[in-house]
Amino acid sequence: MANLTIKQQDELHQNISQALASFMILSQHFEDNGNKFIMSGEITRNALWNIQTLLENADKIIEGEITRGLNND
1 MANLTIKQQD ELHQNISQAL ASFMILSQHF EDNGNKFIMS GEITRNALWN IQTLLENADK
61 IIEGEITRGL NND
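Residue 31 in full-length UniProt numbering sits at position 31 of the sequence shown, and the numbers go up by one each step.
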């Protein structure tokens, strides 16, 4: 695991928080609708893709692959 700058830690936190929020919305929707997804398949797929992308970005930050100018504290 890379030593993370404050900016990288913030980016990591944002990615994980957004992924969790998206997951919670999907989970609540599922529970509210009798354990079924009433949303269109495309909306559900897009939401899951968004969660996956956010978590992949978080993983890249942890592994030190994403710097995008985040190294400058």
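Hint data in this document are derived by calculation from the structure and do not stem from the laboratory. Keep in mind that the hints are not guaranteed to be accurate.
As the list claims (entries may be wrong) - Taking lysine to any residue pairs in the SDA-like style, the calculated list, with each CA pair at most 25 Å apart, reads:
1) 60 x 4
2) 36 x 52
3) 36 x 58
4) 7 x 56
5) 7 x 43
6) 36 x 49
7) 60 x 36
8) 7 x 26
9) 7 x 33
10) 36 x 23
11) 36 x 48
12) 7 x 19
13) 7 x 36
14) 60 x 41
15) 60 x 30
Each hint, compared with the structure:
A C-alpha spacing of about 11 Å is found between residue 60 and residue 4, which places the hinted pair at or below 25 Å, so the restraint holds. Distance hint between residue 36 and residue 52 is fulfilled; the C-alpha atoms sit about 21 Å from each other, no more than 25 Å. Pair hint residue 36 plus residue 58 does not hold up; C-alpha atoms about 29 Å apart against a cutoff of 25 Å. A hinted pair counts as satisfied when its Cα atoms are at most 25 Å apart, and residue 7 with residue 56 qualifies at roughly 17 Å.
A C-alpha spacing of about 31 Å is found between residue 7 and residue 43, which places the hinted pair above 25 Å, so the restraint is violated. In summary, the hint linking residue 36 to residue 49 is supported, as the alpha carbons are separated by about 19 Å, within the 25 Å threshold. Of the supplied pair hints, the one linking residue 60 and residue 36 is violated, its CA atoms being roughly 33 Å apart against a limit of 25 Å. Taking the CA atoms of residue 7 and residue 26, the gap is near 29 Å; set against the 25 Å cutoff, the hint is violated.
A hinted pair counts as satisfied when its Cα atoms are at most 25 Å apart, and residue 7 with residue 33 does not qualify at roughly 39 Å. For a cut-off of 25 Å, the pair hint linking residue 36 to residue 23 stands: about 15 Å separates their Cα positions. The straight-line distance between the Cα atoms of residue 36 and residue 48 is roughly 15 Å, inside the 25 Å bound, and the hint therefore holds. For the suggested pair residue 7 and residue 19, the alpha carbons sit about 18 Å apart, so the restraint of at most 25 Å is met.
At most 25 Å may separate the alpha-carbon atoms for a hinted pair to count; residue 7 and residue 36 exceed this at roughly 39 Å. Using a Cα cut-off of 25 Å, the hinted pair residue 60 and residue 41 is violated, with the two alpha carbons roughly 28 Å apart. A hinted pair counts as satisfied when its Cα atoms are at most 25 Å apart, and residue 60 with residue 30 does not qualify at roughly 30 Å.
Figure legend: structure checked against the earlier numbered hints; hints not met, in rising order: 3, 5, 7, 8, 9, 13, 14, 15.
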